[in-house]
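When you get a sec, could you build the whole thing from the sequences and use the hints?
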Amino acid sequence: MTPILDVRDVTKAFGGVIANDGITLKVPQGAIIGLIGPNGSGKTTLFNSIVGYHPIDRGSIWFDGREISRLRVPQIARLGLLRTFQQTRIYGKMSCLENVQISVPHVHEGLRTMLSPYPSEVTERAEGLLEFVGLYPKRHLRGGEMSFGQQKLLELAMALMNQPKVLLLDEPTAGISPVLINSLMERLKRINADLGVTLFVIEHNMRVIMNLAQHIYCLAHGQLLAEGPPEAIQTDQRVIDAYLGAR
Amino acid sequence: MTNTTRNLLLYTLICLISLLAPHLAPAFRVQMALLWMMILFALTWDLGGGQMGYNSFGNIVFFGIGCYVAAVVQRDLFFAVEGQSQATGDLATSSPLFNYFNGLAVGLALAVIIAVAVAAGLGSGILGLRGQYFAICTLGVGIAAGEIASGWGYIGAGSGMVAPIFPGGPGQNATFFYYFFFALAVTCFFTLKRLYASRFGLAINAIRDDEDKAEAMGIHTTRYKTIAWCISAVFLALAGGAFGHLNNFIDREVAFPGITFGVWMVLMAILGGKGTLWGPVIGATIFHATQELFWTYLLGWQRVALGLLIVVIVVFFPLGIMGWLRSRWPERFGETVDLEARAAPISLGETR
Amino acid sequence: MVDNLLLLFNAPILSAQLLVDGILIGAIFALAAYGMALVWGVMDIINIAQGEFVMLGGYVTFFLAAAGVHPLYTVPVAAAALYLLGWALYRTVVFRVVDKDMFISILATFGISIFLQQLANQLFQADVRTAESGLGSFFLADGLIVVSQIKVVSFICALILGATLFLFLKRSRLGQAIRATAQNARAARIMGVNTDRVFSTTFALNAAICGAAGSLVVMTWLVHPYLGLAYTLRAFMIVTVAGLGNMASVLLASLGLGAVENFAGFLLGTEYQAAFVFSLLVAILVWRNALLSRQRKYLK
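Residue numbers (my numbering), protein chains in the order written: chain D, 1 to 247; chain Y, 1 to 352; chain F, 1 to 300.
FYI, nobody ran anything at the bench for these hints, they're computed from the structure.
Keep in mind the model is a prediction, meaning the values are calculated, not measured.
Some hints here could point you the wrong way.
[To be verified] Looking from chain F toward chain D, a few residues come up when the C-beta cut is under 10 Å (computed):
| no. | residue |
| --- | --- |
| 1 | T270 |
| 2 | S293 |
| 3 | R296 |
| 4 | K297 |
[To be verified] Below, in silico cross-link-like pairs of lysine-lysine (DSS-like), each with a Cα-Cα straight-line distance of 25 Å or less:
| no. | chain 1 | residue 1 | chain 2 | residue 2 |
| --- | --- | --- | --- | --- |
| 5 | D | K26 | D | K189 |
| 6 | F | K300 | D | K93 |
| 7 | D | K93 | Y | K193 |
| 8 | F | K170 | D | K93 |
| 9 | F | K300 | F | K100 |
From the three backbone atoms N, C-alpha and C, an ideal C-beta is built for every residue, glycine too.
Laid out in structure tokens, this is it:
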């Protein structure tokens with residue numbers, strides 16, 4: 001499989017703190033890849049680097065055959081590489097439906113599309129996606145009125161509306177009611193299988209990530225500590241030590 | 001009665017009253033013309049401030065550009081032969097009717113073009129600023145424009161310039177400009193109403209709520225922001241060009257009245273309710289009416305009162321009239337208060 | 001403009017004169033800017049009425065001087081009067097907007113600014129006023145550079161005032177509380193700091209320092225009711241360039257602004273000096289933001 005996302009030797013430092021140190025990893029087309037590591041190990045920094053949130057110090061990032069290291073956030077998003085946020089970000093004063101509607105892909109957008117009302121297909125698709133994440137009954141409520149977990153689901157629906165090729169999910173199950181986690185996992189698998197979206201997932205819930213991902217990368221102290229299939233990672237002594245704090 | 005018929009009735013009623021108004025109360029034509037201008041001010045300010053979250057103190061620049069461009073076109077292209085810097089009376093008597101209106105039309109067209117160019121040019125730098133930096137930067141832009149106008153000899157510098165006198169009988173210009181501002185404000189209202197229901201409307205709302213998220217979702221934020229500013233510029237330039245002609249005399253105080261019109265447009269939008277379509281209209285109407293009724297009694301203390309009024313409204317009434325009504329009777333204003341929906345459990349069990 | 005530029009080249013001594021004058025006035029800008037940075041940092045409020053405090057301080061000195069007091073003795077009086085005004089404004093208006101959205105506080109202080117400006121216009125008339133200090137001038141370089149003594153005195157006064165405020169913040173207990181609140185208001189509150197008192201003191205202190213600055217302005221230059229906004233925007237510009245926490249760079253930026261403004265006034269003509277100041281504000285903000293946008297950040 002050719003990697004759709006290719007991170008080569010990426011280094012990012014904030015002042016004296018090296019948050020990512022020479023990270024190299026590949027996300028193959030159509031896969032679900034996991035990214036784990038203790039708090040502060042540089043997972044979210046890596047996500048931010050990939051989507052162009054800040055310039056990287058060294059290395060390069062390739063997406064779908066082109067280098068994106070120097071592109072800016074909206075440009076990268078329009079190429080079809082999207083991320084969700086750990087602390088969810090939605091448009092608080094707009095209704096859930098509007099939140100999803102405005103998340104349509106913005107690739108080819110002339111003045112006319114910008115200024116004309118939404119065609120009904122868009123609304124239908126948005127409603128379908130809200131149904132998919134279980135928020136259809138709440139579609140007219142304001143985004144800001146929802147609980148953290150519901151906002152997380154809304155953010156997922158928004159991301160799907162954008163029809164990304166690759167979706168970076170930052171802790172998709174954090175804050176989600178435990179009874180919903182299994183069905184959310186099933187949804188994520190369907191997003192991957194049915195909609196053909198490649199997923200790259202940061203997750204702290206080990207049960208979830210081991211079940212979901214085909215291949216897992218583990219970061220610690222800004223460096224790539226280990227990689228491999230879930231079974232191997234689970235038994236990797238270095239990974240266990242990293243989580244338990246041994247050095 | 002359905003919503004649409006009710007709205008249609010409301011609009012027809014307002015239009016009818018407005019069309020008849022100058023004949024019913026001819027003494028107040030200028031004030032009523034200015035009322036429409038105030039509504040336009042509040043609406044265009046709210047496009048940026050309320051809907052997009054870019055609170056500008058500098059929109060008055062486009063108004064001033066409109067004022068000066070329209071007047072300069074009249075002076076240099078249409079009344080040049082009669083003698084450009086002559087006394088006001090000369091211009092009026094020697095001007096054939098079609099010249100005045102042709103000049104006005106060309107002047108307004110050019111005013112729009114220049115205002116949009118300035119909006120796009122300035123916007124490319126300024127619209128990258130956020131929050132308080134944008135607000136204060138636009139404050140600087142507004143004052144700088146006034147200062148430049150008062151120093152530039154070509155447009156009369158400190159002593160100002162005159163627009164040609166309206167051809168026709170006394171008081172007819174008031175009627176003409178009443179209908180002009182009425183048409184302009186109504187066009188502005190319906191343009192914005194339509195735009196707010198479009199992708200543009202949702203996009204600028206998204207920018208207001210979380211611009212970083214909007215960027216992360218691939219929205220062309222710069223493009224949308226610039227378009228929004230340009231739309232404001234178009235309407236303000238038209239209003240400015242007409243106002244300069246109505247007022248007949250233009251100087252820095254008339255064209256860049258930061259402390260009056262510039263502040264009023266913010267205040268009216270907030271008074272009525274930021275981020276709503278009707279709020280600015282209501283705010284402008286109330287503000288203008290009270291001002292015309294009471295402020296003349298304040299004898300020079302109006303601006304002191306204005307300062308107080310700003311403080312009172314901002315501190316005690318920041319949601320405005322529409323915001324207050326909405327929190328009082330949410331269901332009438334399109335808010336979903338369906339408790340069932342609010343309490344509905346999210347289920348991921350069965351789906352299509 | 002070209003003529004004036006040539007003049008500067010042909011007579012370099014003129015440049016020195018402009019530079020000295022600019023730097024001497026710059027110290028007064030530094031006071032207003034430091035006050036703004038203080039309020040901004042501690043209360044998260046950008047005070048648009050900053051310049052009106054300067055203006056009112058100027059009027060205090062003007063009226064006292066007209067009553068026969070030597071203007072230099074009125075500096076503390078102006079500061080005290082403005083301290084009271086600042087405190088009163090905090091207690092009536094500002095405390096209500098402290099924790100609100102930044103735009104709310106900008107608009108509220110803008111309202112205060114218009115109120116004070118127009119009040120001054122009604123009460124004191126729009127005339128331009130100055131207070132005569134009775135001091136002479138220094139003649140340097142064989143009399144080619146003229147430096148009025150009052151400008152030097154006010155420069156020194158401004159530095160002393162700034163240093164006093166700085167020491168107060170560094171050493172006194174209340175100063176420590178103010179700095180703690182600036183770093184993290186909530187944590188300070190939990191640790192037993194009365195943040196409401198800190199806010200009122202900060203706002204009043206800011207008004208006082210601006211009042212003193214105004215007092216110096218009326219001696220060296222002039223006041224009129226409408227000069228406020230220019231001082232506010234100068235202060236904002238200086239703070240944007242220098243950052244919130246650094247006294248030395250605030251001073252440096254202020255002196256620089258004073259000098260630049262003086263040169264611009266000479267080159268473009270005084271009728272464009274104000275236009276230059278406001279355009280410079282716009283240019284600086286856009287430029288700073290463009291630099292940050294390379295790091296994919298923006299001014300905040």
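Against the structure shown, which of the earlier numbered hints fail to hold, in ascending order? The structure breaks hints 1 and 8; every other hint is satisfied.
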